[in-house]
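Construct the entire structure; sequences and hints are all you get.
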Amino acid sequence: MMKPVRLKETTVGYLFVAPLLIGITVITIIPILASFGLSFTNWSLVSGIENIHFIGMNNFNRLFHDAVFMKSLVNNLLLLAALPFKLAFALFLAIIINKYIYFKDFFKIVYFMPFISGVVAIAIVFRVMFHPTYGPVNNMLMSIGIDHPPGWLADMDFAFFSLIIIFTWIQFGFSFIIYIAGLQNISRELYEAASIDGASAWRQFKHITLPMLSPTTFFLLITGIISSFKIFDLIAVLTEGGPANSTMVAIYYLYQRAFVNLETGYASAISIVIFAFILIITLINWVGQRRWVHQ
Amino acid sequence: MKEALNIKKILITLFIFAFGLLFLSPFFWMLSASFKPEAEVFRYPVQWIPETWHAVENYKKVWFGTHPPFYHYYWNSIKVVILTTMTSIIVSSLAAYSFAKLNFKGKDILFLIVLATFMVPSQSLFVPQFILFRWMNLYDTHLALILLHSFSVLGTFMLRQFFLGILNDYLDSGKMDGAGHLRIFTHIALPMVLPAIATYGILRFIWTWNDYQMPLIFLHSIDLYTLQLGIRQFADENGQIYSLQMAAAVLAVVPLLIVFLIAQKQVIEGIQLGGVKG
Chain C
839 MMKPVRLKET TVGYLFVAPL LIGITVITII PILASFGLSF TNWSLVSGIE NIHFIGMNNF
899 NRLFHDAVFM KSLVNNLLLL AALPFKLAFA LFLAIIINKY IYFKDFFKIV YFMPFISGVV
959 AIAIVFRVMF HPTYGPVNNM LMSIGIDHPP GWLADMDFAF FSLIIIFTWI QFGFSFIIYI
1019 AGLQNISREL YEAASIDGAS AWRQFKHITL PMLSPTTFFL LITGIISSFK IFDLIAVLTE
1079 GGPANSTMVA IYYLYQRAFV NLETGYASAI SIVIFAFILI ITLINWVGQR RWVHQ
Chain L
5 MKEALNIKKI LITLFIFAFG LLFLSPFFWM LSASFKPEAE VFRYPVQWIP ETWHAVENYK
65 KVWFGTHPPF YHYYWNSIKV VILTTMTSII VSSLAAYSFA KLNFKGKDIL FLIVLATFMV
125 PSQSLFVPQF ILFRWMNLYD THLALILLHS FSVLGTFMLR QFFLGILNDY LDSGKMDGAG
185 HLRIFTHIAL PMVLPAIATY GILRFIWTWN DYQMPLIFLH SIDLYTLQLG IRQFADENGQ
245 IYSLQMAAAV LAVVPLLIVF LIAQKQVIEG IQLGGVKG
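Chains as they are written, first to last, in our numbering: chain C, 839 to 1133; chain L, 5 to 282.
Simulated from the structure, these hints should not be mistaken for lab results.
Treat each hint with caution, since some may be false.
What the hints assert, rightly or not - The following label-pair restraints were derived from C-beta to C-beta distances:
#1 L:I170 with C:L1117: 43 to 49 Å
#2 C:L1117 with L:K269: 52 to 58 Å
#3 C:G894 with L:E241: 43 to 49 Å
#4 L:P195 with C:G894: 20 to 26 Å
#5 L:I117 with C:Q1022: 30 to 36 Å
#6 C:F927 with L:K269: 21 to 27 Å
#7 L:I170 with C:N889: 50 to 56 Å
#8 C:D943 with L:S225: 30 to 36 Å
#9 L:V258 with C:F927: 34 to 40 Å
Stated by the list, open to error - Which chain C residues face chain L? A few, computed with CB under 7 Å, are given here:
#10 V855
#11 I865
#12 Y940
#13 S955
#14 P970
#15 Y972
#16 A1019
#17 L1021
#18 D1071
Don't be surprised by glycine CBs; every beta carbon is placed ideally from N, CA and C.
Printed below as a string of structure tokens:
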């Protein structure tokens, strides 16, 4: 009696996961293997399959002597400079909104809005607001006495800084919302006990809130690093890596090499390096969660 | 114990409100500029309420005045987003149910493989995916976009957590009544996780609507452009006409804000739960 039932469950089990597995195989597994293979060739996708030539590690050697690629990695790191400030401010705002004000839910919506609003529209709005001669931002700066305001996105020295501002503005809501969830998970009794012991608000923050939120902070740090590594849309719409590569990042460079220069092999090598970076960050995340984070 | 209205709390609320206005000022500026005649867009100090209303003319020009017309992009986006969301929900809920509630050989290993693919950044796959889709004659089709977004590891993982929460007794009672697995899935399990499916569906809707990279790489014909490519195209064509650019931006953001305001609880909880974008 038991046997046919189990057999059936096995079949159904496979049938139910089949669409997902087939999809993942075609969309992810085969492509990542192909990327590995192609990264050792100098193929261009317009040149036909018979022209694939194996060139060993040449692409990778070239990559580490490629000044633009190095510049793009440095930019990816610079993008992280704003992350601690963003997290600190998100936490500050989350604490205030969670505890000290009315209409909590309304403010959650307000600060979360940029995150879901779509990067292209936001980029177009900021491009106009940061317009060097007519934009409201520079008009304001001139009205308070700054005669030569920066050219923002068109200015080599300020383009990257402008991107960081816009990127931080978009991403802020995410950190904020996650911190709110983290705060709501801290048991009230901890604070009540601390109050009875006469601990000040600052001491409660330092000895209860901060340690209890360390898993949240760690999570936001990791996702923040990964999402700044994946930044693409903003650059594609606003600067295309310019002026003079000052806003080039790894993913955009990959896109240019692959779809503008049509260097399939070289672009594959870039994607393998990016893959390796993300893998390392993910592994740090795994190990870190067990080791450094207060539970 | 009822909290009395206290002055300090009111003051902090007002302060946070003022800061919120400043935080959202790009949105207000966009909206206000989209209502103005071009000559007044950059007038300084900023006139938040337009002196001359030019809203109807601006929006008419954006909506009908381009080639292809702007609503064409809308239709493309709606089509892609709805088909993607539906396919993705079907694929993920089937797999999630199987991983959570059915017993079959190799289940744990398969689930581990699925989770492992989550680490692969989508951008490292562009080149081979592009080659593959061209080879399958899917380049420059909406089907390509739908396929690229339909096999979500995150969605499967989220839904699996919810299926795990269902007591086996409910499913067993279905078996007692002689129902097959498909019937148990559609009639007992699925209704019990409907809120989770709604949450995931809304997130998938927003992510697909906002996606810019996939259409940029996998679409070529302007007729097939989704809204994100469409506004970019429109902005490039109207490089000097900023009031129209702002109207186009408003048109792209409004449907999202409507979805968000209706379903803000699901969106925020979903983001907090899934914790990741993509």
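We went through each hint and held it up to the structure:
For the pair L:I170 and C:L1117, the beta carbons lie near 34 Å from each other, so the given range of 43 to 49 Å is not met. For the pair C:L1117 and L:K269, the beta carbons lie near 35 Å from each other, so the given range of 52 to 58 Å is not met. For the pair C:G894 and L:E241, the beta carbons lie near 46 Å from each other, so the given range of 43 to 49 Å is met. A hinted range of 20 to 26 Å is violated for the C-beta pair L:P195 and C:G894, which are about 57 Å apart.
Distance hint check: the CB atoms of L:I117 and C:Q1022 are about 34 Å apart, consistent with the given range 30 to 36 Å. Judged by the Cβ atoms, the range 21 to 27 Å given for C:F927 and L:K269 holds: they are separated by roughly 25 Å. At about 55 Å, the CB distance of L:I170 to C:N889 agrees with the hint of 50 to 56 Å. Restraint check, C:D943 to L:S225: a C-beta distance of roughly 43 Å breaks the suggested window 30 to 36 Å.
Look at L:V258 against C:F927: about 28 Å separates their beta carbons, and that is not inside 34 to 40 Å. For C:V855, the suggested interface contact is upheld, since its CB lies about 5 Å from the closest CB of chain L, less than 7 Å. For the restraint placing C:I865 at the interface with chain L, the shortest Cβ-Cβ distance is roughly 6 Å, inside the 7 Å limit, so the hint holds. A distance limit of 7 Å between C-beta atoms decides the matter here; for C:Y940 the minimum to chain L is near 5 Å, and the interface restraint holds.
Restraint check, C:S955 versus chain L: the minimum CB separation of about 5 Å is within 7 Å; hint holds. Interface restraint check: C:P970 against chain L, minimum CB-CB distance 12 Å, threshold 7 Å, status violated. Checking C:Y972 against chain L: minimum C-beta separation of about 4 Å stays under 7 Å; hint holds. Interface hint status for C:A1019: upheld, as the beta-carbon distance to the closest one in chain L is roughly 4 Å, under 7 Å.
Taken as an interface hint, C:L1021 does not check out: its beta carbon lies about 11 Å from the nearest beta carbon of chain L, beyond 7 Å. Restraint check, C:D1071 versus chain L: the minimum CB separation of about 5 Å is within 7 Å; hint holds.
Checked against the numbered hints given earlier, the structure breaks hints 1, 2, 4, 8, 9, 14 and 17 and satisfies all the rest.
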